[in-house]
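Enquirer: Taken in order, these protein sequences are the chains called A and B.
This note's numbering puts the first residue of the first sequence at 1, with every later residue one more than the last.
This note's numbering puts the first residue of the second sequence at 1001, with every later residue one more than the last.
Treat the hints with care, as some may be off.
[Said to hold, decoys possible] EDC-like cross-link-like pairs, simulated, lysine to aspartate or glutamate; straight-line CA separation at most 16 Å:
| no. | chain 1 | residue 1 | chain 2 | residue 2 |
| --- | --- | --- | --- | --- |
| 1 | A | K386 | B | E1043 |
| 2 | A | K308 | B | E1043 |
| 3 | A | K308 | B | E1039 |
| 4 | A | K99 | B | D1074 |
| 5 | A | K392 | B | D1057 |
| 6 | B | K1092 | B | D1082 |
| 7 | A | K386 | B | D1047 |
| 8 | B | K1092 | A | E341 |
| 9 | A | K293 | A | D260 |
| 10 | A | K420 | B | E1030 |
Since the hints were made in silico from the structure, they are not lab data.
Residues per chain, in single letters:
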Amino acid sequence: MGDLNLKTLTELRDGFRAGEFSAREIATSFNDAIVAARSLNAYTIETPDAALVAADAADAARASGDLKPLSGIPLGIKDLFATEGVDSTSGSNILRGFKPPYESTVSGKLKAAGAGMLGKLNMDEFAMGSSNETSAYGPVISPWKRNDGGNAALTPGGSSGGSAAAVSAGLAPGVTGTDTGGSIRQPAAFTGISGIKPTYGRCSRWGIVAFASSLDQAGPMARTVRDCAILLENMTGFDPKDATSLDLPVPQWEAGLSSDLKGKKVGIPKEYRIDGVPDEINAIWDRGIEWLKDAGAEVVPISLPHTKYALPTYYIIAPAEASSNLARYDGVRYGLRETPEGGNLDAMYSATREAGFGAEVKRRIMIGTYVLSAGFYDAYFNKAQKVRTLIKRDFRDAFRQCDLILTPTAPSAAFGLNEKMSDPLAMYLNDVFAVPASLAGLPAMSVPGGLDGQGLPLGLHLIGNELDEQGVLNAGLAIEERAGFTARAEKWW
Amino acid sequence: MSVTEKDVLHVAKLARLALGDAEIERMVPELNNILGWVEQLGEVNTDGVEPLTAVIDNQLRLRDDVVNDGDCRDAVLSNAPDAQHGFFAVPKVIE
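Produce the entire structure from the sequences given, and follow the hints as far as they go.
Expert: Have a look at this one:
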């Protein structure tokens, strides 16, 4: 039976149902793997007992013929999902010790579908970062190493860095992530796994710590496209508690999986060939094009003319929304409180926020406050919202000519810890290919394409039209079948 | 347009961040760098373009005007740094 923790979610589900192993054996395998991998710093909190309780319920359900879609499957949950009675801190000191008395809609749906919880996953503070280095718990270390004989610690990407490292290292068969401007897709690419951000509004945001509300979307990360489809089906759906939740039925994405792309047109946007991107990135993109052709798709050149303005647009809108959302951390109702000797209420607010937020979060609060302040609102925020309209329009025009768009996920493979922390703009550029789809609210997925010359994974990125998660998953499956990506990080931890 | 130390202090006050001197000094060039970069949006012609307000078309819903929550005071207060007599307690506001 051995190494249950290295199986895919689908293999675990089907093997459990076929009686090859028990849910308790699955949960125990992952609980043990998590303890043995603490040096990766992927989990902020481990909840082995919760995983076992759910496993025992799954074993009982199997005995009584009462199985649910995710019975027997334990999952890791990103730290910004509110989980009842379990620390939910969004990677921040300002929420240290916060135990929500309620459960987020997404994690609640997964649990109602029979899934257990292995623990909470490390992340960039308030999901602001692309390397997991802004976490109050310290960076996650990628299980991957370069093959150059050096021993440099690499980033698993971010902000869902703990999520990506956990799946990649066999510390969870599937996890939740969130994606505001690439936070599911870039870490998935860096660690050789799959991850999908659905259409904005598919997943309820209720109970997810807010970063930039018009962009935030939850989604699954797992080893395979099918694994992602299974999880996505059990995370999405209408929720009256989120005003932007889409009141639509949940498609049966797993049953709808098909890698036959005959009749599909795949657009290749010329603006995504940018200067300074390593040749290997463009080479894997070219291979992806060939794979989709092989699956029956027709490839067409397209143009998304406002692509180069997506990142600066994002870095106005996301900080602006963040500065508003993070105003709630004031030391009154939850989390940290700092009261200077003899200080008044206002001094308490300022001291609490100064002590509780890390450098990147403060930087973004400052940018956001600035661009929303009197006299600058029109020049920055309103201008950015107008450019966002144009970016959205670019995609609308493109989807008149094609069904899907293929690009690389990120402009590089995983980089070393500390390599980019001193240069915020260099860090922001990581999401150059991921951000436009976020600004347009579109479903988008990263799947592994292959390894670069240093032995590190590179991802391919599929963007679909509104609500066409099925098209994205199917093209992802077509790539997965042809890429034959089976590489795993060699265990050193 | 360039941000000065005075601007940083003003924004920090609006954002309720008690930044230290070293942080303020560091933030002046950082903010200028980022704001200088985002100002490239000025190149884009947005005449007659409406700002985006909803990324996916969706009707805002109305719900029935009835109480659907409440009676959970202790749960609401359970994470408070200082809860007293069923309230959140804060430093004195009125002398």
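Enquirer: Each of the hints needs a verdict: does it hold here or not?
Expert: Going down the list of hints, with the structure as the test:
1. This hinted pair checks out: K386 of chain A and E1043 of chain B have alpha carbons roughly 13 Å apart, not beyond 16 Å.
2. Proximity of K308 of chain A to E1043 of chain B is assessed by CA-CA distance (about 11 Å); at most 16 Å being required, the pair is judged to hold.
3. With a C-alpha separation of about 13 Å, the suggested pairing of K308 of chain A with E1039 of chain B holds against the 16 Å cut-off.
4. With a CA separation close to 13 Å, the supplied pair K99 of chain A and D1074 of chain B stays within the 16 Å bound.
5. Taking the CA atoms of K392 of chain A and D1057 of chain B, the gap is about 12 Å. The hint holds against a cut of 16 Å.
6. With a C-alpha separation of about 13 Å, the suggested pairing of K1092 of chain B with D1082 of chain B holds against the 16 Å cut-off.
7. Taking the CA atoms of K386 of chain A and D1047 of chain B, the gap is near 9 Å; set against the 16 Å cutoff, the hint holds.
8. In summary, the hint linking K1092 of chain B to E341 of chain A is supported, as the alpha carbons are separated by about 13 Å, within the 16 Å threshold.
9. For the hint pairing K293 of chain A with D260 of chain A, the CA-to-CA distance comes to about 10 Å; that is within 16 Å, so the pair holds.
10. Distance restraint check for K420 of chain A and E1030 of chain B: the Cα-Cα separation of roughly 14 Å lies within the 16 Å cut-off, and the hinted pair is therefore satisfied.
The structure is consistent with each of the numbered hints, conforming to all of them.
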